[in-house]
Amino acid sequence: MSSSNNNYYLPHGTKWPFLSSVSLLILFLGLSSFLNGSPSGMTIMFTGLALLLIMVYGWFSTVIQESESGVYNLQVDVSFRWGMVWFIFSEVMFFSAFFGSLYYARELSLPWLGGDGYKTATNLVLWPQFENVWPSNGPLNVGGDFTFMKASGIPALNTLILLTSGLTVTYAHHGLKEQNRKKLINGLILTILLGFTFVAFQAYEYIHAYSELNLKLTTGIYGSTFFMLTGFHGFHVTLGAIMLTVILLRCIKGHFSGDNHFGFEAVAWYWHFVDVVWLGLFVFVYWL
Amino acid sequence: MRNFIVFLLSTIPTLALGDWEVNLPRGVTPTSVLAYDLHMLIFYITVIIGIGVFGVMFYSIIHHRKSKGVVPANFHENTKIEIVWTVIPFLILVGMAIPATQALILMEDTSEAEVTLKVTGYQWMWKYEYLEDNVSFLSRIDSESNKARKLNSGVDVSNVKNYLLEVDNPIVLPVNAKIRLLLTAGDVIHAWWVPELGGKKDAVPGFVNEMWFNINKPGIYRGQCAELCGKDHAFMPIVVKAVSKAEYEKWVMNQQNNNKIANKK
Amino acid sequence: MNTDADHLHEDHKTGIMRWITTTNHKDIGTLYLFLSLTMFFVGGAMALIIRAELFQPGLQLVNPDFFNQMTTMHALIMIFGALMPALVGLANWQIPLMIGAPDMALPRLNNWSFWILPFALGMLGSTLFFEGGAPAAGWTLYPPLVLQGGDALPYAIFSIHLLGLSSILGAINIIATILNMRAPGMTLMKMPMFVWTWLITAFLLIAVMPVLAGAVTMLLTDRFFGTSFFTASGGGDPVMFQHIFWFFGHPEVYILILPAFGVISTIIPTFSRKKLFGYDSMVYATASIALLSFIVWAHHMFTVGMPLAGEIFFMMTTMLIAVPTGVKVFNWIATMWKGSMTFETPMLFSLAFIVLFTIGGFSGLMMAITPVDFQYHDTYFIVAHFHYVLVPGSVFAVIAAVYFWLPKWTGKMYDETLGKTHFWLTTIFVNITFFPQHFVGLAGMPRRIPDYAVQFTDFNAISTIGSFGFGIAQILFLYILYKTLKQDVTADNKVWEGAEGLEWTLPSPPPYHSFEEPPKVE
Ligand code: HEA
Ligand code: HEA
Ligand code: CUA
Ligand SMILES: [Cu+2]
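Residue numbers (the numbering used here), protein chains in the order written: chain A, 1 to 288; chain B, 1 to 265; chain C, 1 to 522.
The set of hints was computed from the structure by calculation and includes no laboratory data. Computed from a predicted structure; not experimentally measured. Errors might be hidden in some of the hints.
[Claimed, not checked] Here are the simulated PhoX-like cross-link-like pairs (lysine-lysine), alpha carbons at most 20 Å apart as the crow flies:
1. K231/B <-> K150/B
2. K253/A <-> K182/A
3. K494/C <-> K520/C
4. K80/B <-> K178/B
5. K217/B <-> K250/B
6. K520/C <-> K190/C
7. K66/B <-> K520/C
8. K183/A <-> K253/A
9. K420/C <-> K483/C
10. K250/B <-> K178/B
11. K338/C <-> K80/B
12. K494/C <-> K66/B
13. K338/C <-> K68/B
14. K241/B <-> K161/B
15. K190/C <-> K66/B
16. K178/B <-> K231/B
17. K217/B <-> K178/B
18. K483/C <-> K275/C
19. K494/C <-> K80/B
20. K338/C <-> K420/C
21. K66/B <-> K275/C
[Stated by the list, open to error] Simulated coverage check for chain B against chain C, where a stretch passes if three residues somewhere in it have a Cβ under 8 Å from a Cβ of chain C:
22. 126 to 139
23. 247 to 253
Think of the CB as a built atom: it goes at the ideal place given N, C-alpha and C, for glycine as much as any other residue.
Kindly generate the complete structure, drawing on both the sequences and the hints.
Following this line, the structure appears as structure tokens:
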């Protein structure tokens, strides 16, 4: 390990990335063969996942050690920041693909199937009985009759929960900046609790959808977009909450200082991003 | 390698005999002629621009060489000329966009058609339904081509008449009538294309696309599926027989009579 | 040079472990370039299978399904395995050298972006040996056809996820490096053009690779989890996939060309011994191309049945791209104008680039005219267009860059006569391969077919001959590289008389940590 003369820390030799790639390969090989109906697929996939988690742990431990030992200067910190910012941007674009499909289905394909707009003949020739009313599972009523998910109730509650958690994480951040450990740790604990509550509510909502509303992933385009968007988001909330937990543990250990706590901030940014995406979901998936 | 040389030698006669078709066909419909004219217009514009641009470049390559003892000039900016070569291309493009938009508007207008033909693409054949006349049939690659196309069929395909461009049941359509196609598909996306009748349109499962043409010359026009649709994508040709209105009517009557038999089959 | 040796010692690891664990931008750049070269030959071999089958009408060598697999894999491997890694490899080598940085901003991440690739490509390539074969629906992966594939589908989809992940991480690193690691005094508007083009390309990558990931994820759920994104009966639309795919796909082609523009903008001034003409407008043109590329995607889908307004919109925005691209071409020519030119191999490739890329651009412009694209679409005219912009476009730029910087990277000069021979063979054969494709395309030959009507025979035969000649010429390239690397150090620090920029102030080969002390930029 050495740093170069101008003090930008350059790590030398690392095994983690290579091993991460190997575990990703194992994970996806397993998942693919599982999807193709091979019974051993799941085992392989979880092996890959377990390996991946070990790698992530190892990689981050190294980085954290380096950070705590003070070899990172301000410039390194800025690199990390840019890295995180652009990573979040890539996630935004990932979500936009799914939002795009929702938009396309509601504004283009369903109206066309229902006989509006440009492709009138589609309705006349192929689907004469179909009338387009959102939410819809398409002209063949794919997945059977269903009840859609209302914005009031759990979704509204979840909006409140996530918005609050955005506040509590900021509260914790203030605590960190003021070197007020109690404020910091309480804020984080609250945020994490809210996060997992959100996930629990969503799990409940899914069970409700499946068992009582006949609303499933297979429920035509409504079910597809609903579960894809909320599921992908829920996955991100879970990830975010786990990351917050790690940060909490690090705070308890006494990591981070008032003016140097990039790890904390990165996770907080991520959390706000998840929050903002939820607002989009709430408006476009549940409400409108 | 030896095979390769045999290949090479075997092409020499074809090279001499082949008809070296190098351009879009002008076609036999107003839309195909429009497309052809636009194609030539844009082509000539780009050729002229190309000659200008490459001309200057080669002038410079020939004259501004170190080996000729040229000392490099110092300039590396000139706002005026930069504005000129931004604005002029822009104006040229506007000049192209106007006729292109007009053509497009015309091509998209499928109203007031006399014959409506519903076309459904399947892997790997076409189904045609004459909606007004209640005539319908399937159209596949003809058997001779179909035999010859097999891997190592041993058939010399240059002896097969209209190799890959012949079907068992051609479409018959009247000349000088606006024909409207309703295109859809049963399995995957296909595209219906007869170059001499104008552009192509995709046949998308679950949706209906429209296109139109108006054939002004009797004759036989050939085309192919133009969207990758699986292993036999190369083998779902299209043949259109354009005939006079009277002949067309006779054909329809015949078909209607045959249809009963065909339907039973 | 001494510093180089010192640092290698300090690095301890030797042999294969050096490459697996490296965090050094030069090592990683080298890895990228070697992977790219290998994949270029793999993808090229597939192209030769395609061309061999198309030498004559009738099926002689492969069955249609295998042919489609070849088309699909050829394109995926060339784009994701050959060209993109080549450009990222150049970025890795050059960006720190050009901006006066010790290394990339995030060296471990850099290692990861590379090492995802061989595994992802291996997974993709392995599908060729599956029952049912590799994906065969074209590199555009259109549903419903792609969903008919065999067991290969999930493997192919996840490999695309991984390739995307690699690109995103690589791009993040490049942006962080450019924004944060510049030597003092190097403002954005003083950066070398190559760095600028990569900054913008990295932005494009981060913006569109996730969208591709989203699109193929929906394919996956449609196939395995019963969703209806791309099925009309459930309210979806197969064409929706095409919109999402091309929202990625069009910027992707500019991802492949913008760094190439950067290379050309570096080489032309060097061998004209004159500063790049219109630096500012080059930067703005690059940015405009990138921004416009987000709103033109549907020009790949003019025949899917779009509302008239959509067709007109996408036609006009597509045509607009000719303006900034023209600015670039004109600036290059103005750079040469009244210069003092010499014609070493990199310059020759760059000059050929300008001419042949412009020809490809012209055919692109013709295809932008919607009413005529109804005729061109899905014919060999398209194939000719994109090979002109990709092969004598991007690939030539990469080859030029290798000739240009190889002496800097290794300290060893390549053989100029052999280099020029390579150039002439490559340029002649690339035209023999792809020029006739314009003709068969216009005459009505659809793309993605293993067999064709006899009237297309002549030009196909010529094209096939050209492609084999092109292949042989690339074996010469391998030999030149081999010969160069075998010899002793022969190159000066400032390899080219007209070269300008920080990288030429370093020894050849440059030290392990490029700039230990940040250089001063006036
Ligand atoms: C490096 C890659 C690259 C680049 C740079 C381009 C550049 C362009 N492309 Fe191309 N394109 C592809 C790669 C690329 N393309 C690929 C891979 C496909 C097929 C994908 C598939 O289906 O598999 C494709 C397909 C494709 C289509 C779809 C055709 C179809 O399927 O029907 C269209 C249609 O508009 C198009 C247009 C253009 C245009 C207008 C440009 C412009 O950017 C070109 C601009 C350049 C110039 C015009 C020349 C220089 C300018 C001047 C000298 C100025 C003066 C000129 C004038 C005013 C005319 N391209
Ligand atoms: C960067 C991208 C890239 C590159 C570099 C190339 C390079 C080449 N391409 Fe490719 N091509 C695409 C991208 C690219 N292509 C894409 C996107 C498609 C569309 C796919 C689709 O429809 O889905 C396509 C499709 C495509 C087709 C149409 C297939 C079809 O529609 O069915 C053809 C046909 O001629 C072709 C040919 C070639 C040839 C001859 C080369 C040559 O330049 C290759 C040269 C390289 C070599 C030849 C290798 C070097 C040497 C050896 C391997 C040693 C052995 C050699 C000898 C003994 C001679 N390509
Ligand atoms: Cu049907 Cu191609
Ligand atoms: Cu495009």
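Hints, verified against the model:
no., hint, result
1, K231/B <-> K150/B, "12 Å, holds"
2, K253/A <-> K182/A, "13 Å, holds"
3, K494/C <-> K520/C, "18 Å, holds"
4, K80/B <-> K178/B, "52 Å, violated"
5, K217/B <-> K250/B, "18 Å, holds"
6, K520/C <-> K190/C, "13 Å, holds"
7, K66/B <-> K520/C, "31 Å, violated"
8, K183/A <-> K253/A, "15 Å, holds"
9, K420/C <-> K483/C, "15 Å, holds"
10, K250/B <-> K178/B, "19 Å, holds"
11, K338/C <-> K80/B, "18 Å, holds"
12, K494/C <-> K66/B, "18 Å, holds"
13, K338/C <-> K68/B, "12 Å, holds"
14, K241/B <-> K161/B, "17 Å, holds"
15, K190/C <-> K66/B, "27 Å, violated"
16, K178/B <-> K231/B, "34 Å, violated"
17, K217/B <-> K178/B, "13 Å, holds"
18, K483/C <-> K275/C, "33 Å, violated"
19, K494/C <-> K80/B, "35 Å, violated"
20, K338/C <-> K420/C, "24 Å, violated"
21, K66/B <-> K275/C, "15 Å, holds"
22, 126 to 139, "violated (count 0)"
23, 247 to 253, "violated (count 0)"
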